[in-house]
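Asker: All chains, full assembly: derive it from the sequences and hints.
Heads up: the sequence shown begins at 4 in the working numbering, then just goes up one per residue.
Worth flagging that the hints you see were computed from the coordinates, not collected in a lab.
Quick caveat, the model's predicted, so the values are computed rather than measured.
Please note that the accuracy of each hint is not assured.
[What the hints assert, rightly or not] Taking lysine to aspartate or glutamate pairs in the DMTMM-like style, the calculated list, with each CA pair at most 25 Å apart, reads:
#1 Lys103 <-> Asp78
#2 Lys10 <-> Asp33
#3 Lys7 <-> Asp21
#4 Lys10 <-> Asp29
#5 Lys19 <-> Asp33
#6 Lys10 <-> Asp35
#7 Lys7 <-> Asp29
[As the list claims (entries may be wrong)] Ranges between beta-carbon positions, derived for each pair:
#8 Val43 <-> Ser74: 42 to 52 Å
#9 Arg40 <-> Glu89: 20 to 30 Å
#10 Phe15 <-> Leu80: 39 to 49 Å
#11 Pro57 <-> Arg85: 53 to 63 Å
#12 Lys10 <-> Pro73: 19 to 29 Å
In this text, a Cβ means the ideal position worked out from N, Cα and C, and glycines have one as well.
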Amino acid sequence: VTGKQFKAMDCFTLNKTDGTRRLRQDTAIDCDSNSHRFFVFVNGMFLLGYLAVPMIWLILLYGQRHSLWPSGIHDDLIIIQRRRVEGSLLELRFLFERYKPSMAW
4 VTGKQFKAMD CFTLNKTDGT RRLRQDTAID CDSNSHRFFV FVNGMFLLGY
54 LAVPMIWLIL LYGQRHSLWP SGIHDDLIII QRRRVEGSLL ELRFLFERYK
104 PSMAW
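Answerer: In structure tokens form, the structure reads like this:
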């Protein structure tokens, strides 16, 4: 998905004398037109949103790292039992519940 979005912003200079910039995927599109600039802006917002989701998950999981991996406990079953009763992990459970704690590192 992101590869196609980046290709939609890949412009090159077609004519060096007048500085005409065209889209590499479709040279009929003028990269300096207002419609293409608006498209690049909207496309950039979608890219940021798309790439932000895993970063947000990482930040949320990192904030709960002590509940996810209690110190001094190395038994997967005990850690899983603790995770099930930990209220702060309820909303994040879909990110880690199918993985054994020993598989995280």
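Asker: Look at each hint and say if it fits the structure.
Answerer: Going through the hints against the structure:
no., hint, in the structure
1, Lys103 <-> Asp78, "holds (10 Å)"
2, Lys10 <-> Asp33, "holds (14 Å)"
3, Lys7 <-> Asp21, "violated (28 Å)"
4, Lys10 <-> Asp29, "holds (10 Å)"
5, Lys19 <-> Asp33, "holds (14 Å)"
6, Lys10 <-> Asp35, "holds (16 Å)"
7, Lys7 <-> Asp29, "holds (13 Å)"
8, Val43 <-> Ser74: 42 to 52 Å, "holds (48 Å)"
9, Arg40 <-> Glu89: 20 to 30 Å, "violated (48 Å)"
10, Phe15 <-> Leu80: 39 to 49 Å, "violated (58 Å)"
11, Pro57 <-> Arg85: 53 to 63 Å, "violated (25 Å)"
12, Lys10 <-> Pro73: 19 to 29 Å, "violated (46 Å)"
Of the numbered hints given earlier, the model fails hints 3, 9, 10, 11, 12; all others are met.
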